[in-house]
Amino acid sequence: MSEWHDVGSLADLRRDGRVLARIEGREVGVVFDQASGSLYGLRNRCPHHGGPLCLGTVRPRLTGQPGSYALAEATVIRCPWHGWEFNPSTGACLDEPALRVAVYPAKALEGRVLVDL
Amino acid sequence: MIDCDIHPQIGDPEELLAHVEEAQRDWFRGQPYFGLPGYSWSHPSSWYRQDLSTDGRPPGSDVEAVQRDLLEPSGTEVGVLNADDAVLVSLMPSPYRAAALARAHNDWIREAWLERDDRLRGAILCPAQDPEEAAREIRRVGEDPRFVQVLLCGGAERPYGEPRYLPIFEAATELGLPVAIHSGGEGMGIAAPPGGAGPVTFYIEWHTLGSACSIMAHLVSLLVHGTFERLPGLKVLLIEGGIAWLPGILWRLDTNWRALRTDTPWLERKPSEVAREHVRFSTQPLEHTDGHDELLWEMLEAAGAPEVLCFASDYPHWDFDDPAFMLKRLPESWRERVLHENAAALYGERLGLVRA
Chain A
0 MSEWHDVGSL ADLRRDGRVL ARIEGREVGV VFDQASGSLY GLRNRCPHHG
50 GPLCLGTVRP RLTGQPGSYA LAEATVIRCP WHGWEFNPST GACLDEPALR
100 VAVYPAKALE GRVLVDL
Chain B
0 MIDCDIHPQI GDPEELLAHV EEAQRDWFRG QPYFGLPGYS WSHPSSWYRQ
50 DLSTDGRPPG SDVEAVQRDL LEPSGTEVGV LNADDAVLVS LMPSPYRAAA
100 LARAHNDWIR EAWLERDDRL RGAILCPAQD PEEAAREIRR VGEDPRFVQV
150 LLCGGAERPY GEPRYLPIFE AATELGLPVA IHSGGEGMGI AAPPGGAGPV
200 TFYIEWHTLG SACSIMAHLV SLLVHGTFER LPGLKVLLIE GGIAWLPGIL
250 WRLDTNWRAL RTDTPWLERK PSEVAREHVR FSTQPLEHTD GHDELLWEML
300 EAAGAPEVLC FASDYPHWDF DDPAFMLKRL PESWRERVLH ENAAALYGER
350 LGLVRA
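First to last, the protein sequences are chains A and B. Going by numbering that gives the first Met the number 0, 63 is the number at position 64 of the first sequence; the sequence numbering is gapless. Going by numbering that gives the first Met the number 0, 139 is the number at position 140 of the second sequence; the sequence numbering is gapless.
One chain only, chain B, in its complex shape (with noise of 0.2 Å):
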């Protein structure tokens, strides 16, 4: 089994700002949560699974806990590390700052996390709002091999299909690395709103559209400004922003693409195939459907399912997928697509695992 969503928190802090340059430090130090922008949106009780003994420390915040919680119990091969806020960086108004805390965080998981549990694997924190840094980024941290995609966030100024954002795309292209784009951080720092019809109001509303939302924005925009025709070994996986809606989208998204070719005259081929050669989803959080899962697996099968998804766990968060309850729902004949082979040839040579 491939988890490629686990969340690894920050425990102590001065870990982590141990890795800051120290001409930056005290900065860091001083600011609310490292400088991170903060959330409009806080879920009513807990962001975490509250079941976790933590002793005072977040649910995750070492490698032992993740051992205990979830590599065990779920006998996972491979889990992949995705920056927890951190991922946030990208909405920091300095680029400065946010390119010397992605620094310091990818310099912590290698020593603090990678060294330790040879099954855990890295995802390359970087500055969005100055692509040609976060490349610069990419292609010293992407030396090691045990970081094996490209993090990016959900929220953003723009739908990373920009131009502007092609460095990013470029470097891991370059470094045979997937772009991950994690839902969160919609409406905060300097992203656009969530939702697309202004700042909404509770976290429910955040959580159910702002993840959704920008994910469908970030997969519209790479298709129709040609990201893949540009960059034909490029693949993306897209994080926690659900996957019900993904046959509608496409549909939606093929009969524009004929009708309004003009706008967009390069793409050649339908947006659909693009996205099912180039395109990965990761399964949490699975909608729950009311006891209608085999139209939920009908529509996706339309979409490319089940070559196109990968099995992501979110732990320690209050909405995990736990792997095997999951491993339960899904058809059978789904089962070894999604918990292993296909994060595996996502990941390819770099996750240097070799099944017999």
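Just chain A, same shape as in the assembly (with noise of 0.2 Å):
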């Protein structure tokens, strides 16, 4: 059953490109996507070494043959420790198979951020 929280301000998240709230005990964060327009709800703790990884970058992760470099399709949120990504749509590390971090359902409604929990 839906559970929609409000996270914060849709101009706040345009403005910031994130927005962070603690509900429930968890520091939930939402991100924006500005290529796309894209908002992704996600737990703001990366699980790799506990970094607030909803300051991270939204950006479309790099790919490339040896000496060349090239724009991938998919969209990573990359964690501002130690940059590890993730894809903010499934929470799949794309460096280390084993890790995912919580993602959650998020949308704009009147002007607010909300995550479904």
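The set of hints was computed from the structure by calculation and includes no laboratory data. Glycine included, C-beta positions come from ideal geometry on N, C-alpha and C. Any given hint might turn out to be false.
[What the hints assert, rightly or not] Some chain A residues near chain B, calculated using beta-carbon distances under 7 Å:
hint, residue
1, Leu61
2, Thr62
3, Gln64
4, His81
5, Trp83
6, Ala91
7, Asp94
Using the hints, put the two chains back together into the complex; each one sits in its own frame.
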């Protein structure tokens, strides 16, 4: 059963790229992908080392052939501590398959940002 | 038993010079030790095992000596001859002299050694400072199946993952030859200084750090440049750089690969996994552990041992590993792999070795 929680204002999300809130004892964030306009709800704790994952950057993953660089289609959130990258939709760590961060449905409604825990 | 590292010595300089093109022969004859860069750090007493009878020539300077000292007592089935000081051709200031000496050395190996004992195999010497010329030499000599690897020197201008060196690795891969990188030459001639903190003082420092650090640098460089992604058939054998550091450097590299992947985003797999598939390590000089061999084996297992290890004696050098001693020291379950199977797989069909 859905239970939507208010995390912050849409204006703050667009300005800062993220909004954070403590909900039911968990630090939760919603991050904003400037390129696509998508919102992603995640737990604000990197499963690698405990860093504040939602303070990381949301951007296309880099890829390439040896000696050349390209942007992949996949969007990632990059932890601000050690740079490990996660799929913000599924929570899967792209650099260590054993790790996953909790993700939550997120949406904007009437100027507010909501997540469903 | 397959020995991946035997060093043929040049007993009679004229025997080698006879293979140098005539127009360059006098130049090489007039230089100290063929114009190869000299050692700033020399062994305090002797580079060689001092028990070997020499008759005024260096130990290991003819086939009979290698047979008597090594092949016969150890029952070695195949021994790979890696150039000794001549590996320093790649550190000569002149790539033209280096190419001439490498050609001569390869032809001398074929005539003076490979023709005289069918247990012996050759390593192709090439001038790394001129990779296109090196690739030509690899293709020239590599037609002879008795040459089973390409030989590069640990001392180098840049680590070997640099794209300038690709022609060497491409030629080797094309011919199905592993590339052996043998420590030595660090800080000599046109090589970068050994150890990474400026020139060292003593031979003990050079021997401890120079050889290990250069081998580490080449390993990391080849992995992060994506050399094995470019050349999926490439195999590399790292010789005489020590191995106890291997799990540490691979753990460190894997950690950095996750954190710093935007620098090298073409690396889709953990570097340690790629290393396990493509890189092999010679056992010699196997670190003395002060009675803690079990820790060494456990550490090495974390880095892919025993599959990644190949036996090497380093005959006739002072720090050689005696085959009989190694046979006893290695864990019993590792012996067949390390002493034979891994090298047989590395060299493949060129070895022409069929076991019952």
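Hints, one by one, checked against the model:
1. The restraint placing A/Leu61 at the interface with chain B holds, with a minimum CB-CB distance near 4 Å, inside the 7 Å limit.
2. For the restraint placing A/Thr62 at the interface with chain B, the shortest Cβ-Cβ distance is roughly 5 Å, inside the 7 Å limit, so the hint holds.
3. A least Cβ separation of about 6 Å between A/Gln64 and chain B falls short of the 7 Å threshold, and the interface hint therefore holds.
4. Evaluation of the A/His81 hint against chain B yields a held restraint, the C-beta minimum of about 5 Å falling below 7 Å.
5. Restraint check, A/Trp83 versus chain B: the minimum CB separation of about 5 Å is within 7 Å; hint holds.
6. Taken as an interface hint, A/Ala91 does not check out: its beta carbon lies about 14 Å from the nearest beta carbon of chain B, beyond 7 Å.
7. A least Cβ separation of about 4 Å between A/Asp94 and chain B falls short of the 7 Å threshold, and the interface hint therefore holds.
Hint 6 from the list above is the single one not met by this structure.
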